[in-house]
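Participant: Could you put together the complete structure from these sequences and hints?
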Amino acid sequence: MAVALLALVVIGSRAFLIQLFRSPEAAPPSVATVLTPSPARTTTFVLQKASATAIGGIIGQPTPLGAAALAQIAQAQTAQALTEIAPTQTAAALDAEVSTLFAHARQVFYDEFVDNRNAWFTGEFQEIELDLIEDGVFKVLWTGRGTSYELYELSSFTDFMSEVDCQIFRGGENGSCGLIFAEQRNVGFYKFEFFIDYYRLSAITTEGEPVVLAEGDPRRLARISEQNRLRVIRQGDRIRLFVNGALAADLRDTTFGAGRVGVSTACYREEGGVEVHFDNFGIWSLPTGS
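In my numbering, the protein residues as written are 549 to 838.
To be clear, the hints were calculated from the coordinates, so they are not data collected in a lab. Incorrect hints may appear among the rest.
Have a look at the derived ranges for each label pair, beta carbon to beta carbon [what the hints assert, rightly or not]:
1) R718 - G671: 15 to 21 Å
2) E818 - S647: 41 to 47 Å
3) H652 - N828: 16 to 22 Å
4) A644 - R767: 25 to 31 Å
Calculated lysine to any residue pairs in the SDA-like style (CA-CA distance at most 25 Å, straight line) [said to hold, decoys possible]:
5) K687 - D798
6) K687 - G830
7) K687 - E721
8) K687 - R767
9) K687 - Y658
10) K687 - N666
11) K687 - E675
12) K687 - L834
13) K687 - G784
14) K687 - Y746
15) K687 - I676
16) K687 - Q783
17) K687 - L769
18) K687 - W832
Every residue gets a Cβ at the ideal spot worked out from N, C-alpha and C, and that includes glycine.
Facilitator: So this is what it looks like as structure tokens:
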């Protein structure tokens, strides 16, 4: 049985959340920092290659979850999580539906990373991560084992779409990139994590064991050594994941409600050697009940 332990250290405006849990492979760290004015940066320290990480507060000292809140989350993860929806659409019909959603969506945020106008964190962090915006992409370079993510801080979303181009530029067998969504401070988030030979959607809580809600092999959909377009569409309790426009997972889950959206990276090798590039990160809000 898997067990998760968390320890929180707050230094100034950065919260460092250390989490230990079991996973299919050896994994990394992740921590939390403030990103102004828009995206909020978070990094956490994890020691296993599985389910993502949990998040503490970005600013100030987080308040631990009480037993009742944890019980509600556990119930949501077991009783409500993962109702698979049988595929009923052709690729053409799905493309048409997505096009209609975009036509009625409101673009909230979009960054092509031509510069750092949105004030992403850049520079060295915790001696194992270097973040740069150059050559028209957002680069994350790992020199140790770890995972981190950055959040768009200004809005929370329930019904939305988010997309990002990500490339595991170096160290592909030991790295991942992805999208974070429904992030709630001191509660948790969903993580859509993409590897060159594997993907998964995990529900991560601040306490307790991460739950993998969907997983699969993306190689029939992915482009090796190139950018891959990741997309999440969330409408109510329905979550759909896409890789390069193709549907990778379609499920229902109610573990988390409204929350913030961001991007994530991970390095699962102690010596580092992973470099991830992001481009064209966007968030669109959808009409409720769309």
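Participant: Look at each hint and say if it fits the structure.
Facilitator: Now the hints, each set against the structure:
The supplied range of 15 to 21 Å is met by R718 and G671, whose beta-carbon atoms lie about 19 Å from each other. As the Cβ distance of E818 to S647 is approximately 44 Å, the hint placing it in 41 to 47 Å holds. In this structure, H652 and N828 meet the distance hint of 16 to 22 Å, their C-beta atoms being roughly 21 Å apart. Between A644 and R767 the C-beta distance comes to about 26 Å, which sits within the given range of 25 to 31 Å.
Straight-line distance between C-alpha atoms of K687 and D798 comes to about 30 Å, which puts the hinted pair past the 25 Å bound. Restraint check for K687 and G830: satisfied, since their Cα atoms lie roughly 17 Å apart, inside the 25 Å limit. For the suggested pair K687 and E721, the alpha carbons sit about 18 Å apart, so the restraint of at most 25 Å is met. Restraint check for K687 and R767: satisfied, since their Cα atoms lie roughly 23 Å apart, inside the 25 Å limit.
In summary, the hint linking K687 to Y658 is supported, as the alpha carbons are separated by about 17 Å, within the 25 Å threshold. This hinted pair checks out: K687 and N666 have alpha carbons roughly 15 Å apart, not beyond 25 Å. Straight-line distance between C-alpha atoms of K687 and E675 comes to about 16 Å, which keeps the hinted pair within the 25 Å bound. For the hint linking K687 to L834, the alpha-carbon distance of about 29 Å lies beyond 25 Å, and the restraint is violated.
Pair hint K687 plus G784 does not hold up; C-alpha atoms about 33 Å apart against a cutoff of 25 Å. Of the supplied pair hints, the one linking K687 and Y746 holds, its CA atoms being roughly 21 Å apart against a limit of 25 Å. Restraint check for K687 and I676: the C-alpha separation of about 14 Å stays at or below 25 Å, so the hint holds. Of the supplied pair hints, the one linking K687 and Q783 is violated, its CA atoms being roughly 30 Å apart against a limit of 25 Å.
For the hint pairing K687 with L769, the CA-to-CA distance comes to about 23 Å; that is within 25 Å, so the pair holds. For the hint linking K687 to W832, the alpha-carbon distance of about 23 Å falls within 25 Å, and the restraint holds.
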